[in-house]
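Number of protein chains: 2
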Amino acid sequence: MKIGILGTGMVAQALAAKLSAIGHQIMIGTRDVDKTMERSETDAYGNPPFSEWRENHSKVKLENFSDAAAFGEVVINATSGGASLMALQMAGHDHLKGKILIDVANPLDFSEGMPPTLLVCNSDSLAEQIQRTLPDTKVVKTLNTLNAHLMVDPNKVGKGDHHIFVSGNDQAAKDKVVGYLKDWFGWKHIIDLGDISTARGTEMLMPIWVRLMGKLGTPMFNFKIVQ
Amino acid sequence: MKIGILGTGMVAQALAAKLSAIGHQIMIGTRDVDKTMERSETDAYGNPPFSEWRENHSKVKLENFSDAAAFGEVVINATSGGASLMALQMAGHDHLKGKILIDVANPLDFSEGMPPTLLVCNSDSLAEQIQRTLPDTKVVKTLNTLNAHLMVDPNKVGKGDHHIFVSGNDQAAKDKVVGYLKDWFGWKHIIDLGDISTARGTEMLMPIWVRLMGKLGTPMFNFKIVQ
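Chains as they are written, first to last, in my numbering: chain B, 37 to 263; chain V, 37 to 263.
Heads up, none of these hints are tricks.
Below are the BS3-like pairs computed for lysine-lysine, each with C-alpha atoms no more than 25 Å apart in a straight line:
id : chain 1 : residue 1 : chain 2 : residue 2
1  : V       : Lys212    : B       : Lys251
2  : V       : Lys212    : V       : Lys195
3  : V       : Lys192    : V       : Lys218
4  : V       : Lys251    : B       : Lys218
5  : B       : Lys195    : V       : Lys224
6  : B       : Lys251    : V       : Lys218
7  : B       : Lys133    : B       : Lys38
8  : V       : Lys38     : V       : Lys218
9  : V       : Lys192    : B       : Lys195
10 : V       : Lys135    : V       : Lys38
11 : V       : Lys135    : V       : Lys95
12 : V       : Lys71     : V       : Lys95
13 : B       : Lys251    : V       : Lys224
14 : B       : Lys38     : B       : Lys97
15 : B       : Lys218    : B       : Lys192
16 : B       : Lys54     : B       : Lys224
17 : V       : Lys192    : V       : Lys54
18 : V       : Lys54     : V       : Lys224
19 : B       : Lys195    : V       : Lys195
20 : V       : Lys251    : B       : Lys212
21 : B       : Lys192    : V       : Lys195
22 : B       : Lys251    : B       : Lys192
23 : V       : Lys38     : V       : Lys224
24 : B       : Lys192    : B       : Lys54
25 : V       : Lys195    : V       : Lys218
26 : B       : Lys224    : B       : Lys38
27 : B       : Lys192    : B       : Lys224
28 : V       : Lys251    : B       : Lys224
29 : B       : Lys133    : B       : Lys97
30 : B       : Lys224    : V       : Lys195
31 : V       : Lys192    : V       : Lys224
Read the hints as simulated data drawn from the structure, not as lab findings.
Turn these sequences into a full structure, and let the hints steer you where they fit.
See below:
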């Protein structure tokens with residue numbers, strides 16, 4: 037399948053690497069290809085620059101947001117939450133029309149340092165903002181509640197016995213995404229929370245997630261719903 | 037131990053019943069004892085009125101907020117979150133001075149119907165508001181992430197293999213509360229998240245909790261952190 041991934045950070049890289057490895061055609065979209073390739077510093081988490089990652093993933097294409105959105109049969113928003121709406125604007129609403137947009141971003145605000153707060157929450161969410169901005173796109177929120185390495189390999193902790201969630205207004209689109217999550221990454225436990233407004237719940241998991249990461253000293257953990 | 041419990045709802049009842057059953061002296065505090073005993077309607081969740089509960093728990097004392105706060109060596113805030121600051125005002129700050137206040141409330145706002153939003157979140161929390169209001173009291177936030185019946189009996193789901201959290205500025209007070217949670221209710225998995233501001237994380241779990249309750253059709257579930 038042709039998949040467009042918006043964003044060049046560690047989440048986009050983890051998704052692109054895995055999806056490319058299992059045989060999908062991947063195009064990553066960025067604001068400015070030259071600038072992305074010129075960057076030589078590590079990111080805030082100490083990850084190497086994109087160009088270095090690219091050397092080991094030469095099958096993954098890198099173009100601008102618009103090209104990647106047009107390329108993908110399915111498009112994934114893996115930009116940082118604060119930049120998502122602008123990135124989707126640059127991607128071109130027409131390129132996303134009728135398509136599934138898998139939104140894995142969180143609206144984290146690091147402007148006041150650590151731990152981050154949320155740019156939007158409680159009576160709204162980033163996923164709802166995106167769905168309102170793209171009324172003809174089927175936005176499905178998922179995978180935003182855990183670390184990128186776990187997103188693509190749930191068996192890395194607890195033998196995969198933990199949960200992720202999906203939120204979205206289009207049931208058929210959500211069902212397709214649930215299928216992708218199983219096929220692509222091996223997810224076994226996926227809870228369909230309901231319409232896109234239920235993404236408020238998953239985005240608002242971030243405040244405890246960042247504190248747990250600090251406490252546990254690792255981002256390699258996930259939530260399991262025990263009944 | 038003498039324990040004061042502020043609030044007469046289902047959370048206060050569950051805590052009072054359990055703590056009384058294991059031999060503690062319990063005084064529940066309410067705004068107006070006569071009005072509490074006169075109430076004859078079920079609550080929003082279909083629970084019977086307090087007077088009916090009281091018939092089966094006659095050892096539990098019922099007095100006003102002030103009496104219950106003065107009575108308790110440890111005091112538990114189990115009022116509804118929107119009323120907590122007023123209840124603590126009526127309880128009398130002097131009656132809470134130097135004591136541990138276990139805060140199990142959530143600042144839920146039902147004014148716009150279901151699902152509720154939060155009255156405070158993101159850059160503040162109810163627990164922090166309470167700690168600022170009561171600077172000489174050791175506020176420890178805990179148990180606010182699950183149903184009342186599970187609070188007092190974690191083995192009711194998953195053989196108790198799931199987590200609760202504590203937040204607070206006073207390490208000795210938190211350690212004592214962790215001991216209480218183990219001794220009183222049998223909690224095995226308790227994560228100390230850090231200072232009182234980490235209660236933002238647990239209070240912000242409510243939005244996904246209420247949606248999970250709707251989806252699963254039961255409040256009898258809890259979060260497990262899988263590593």
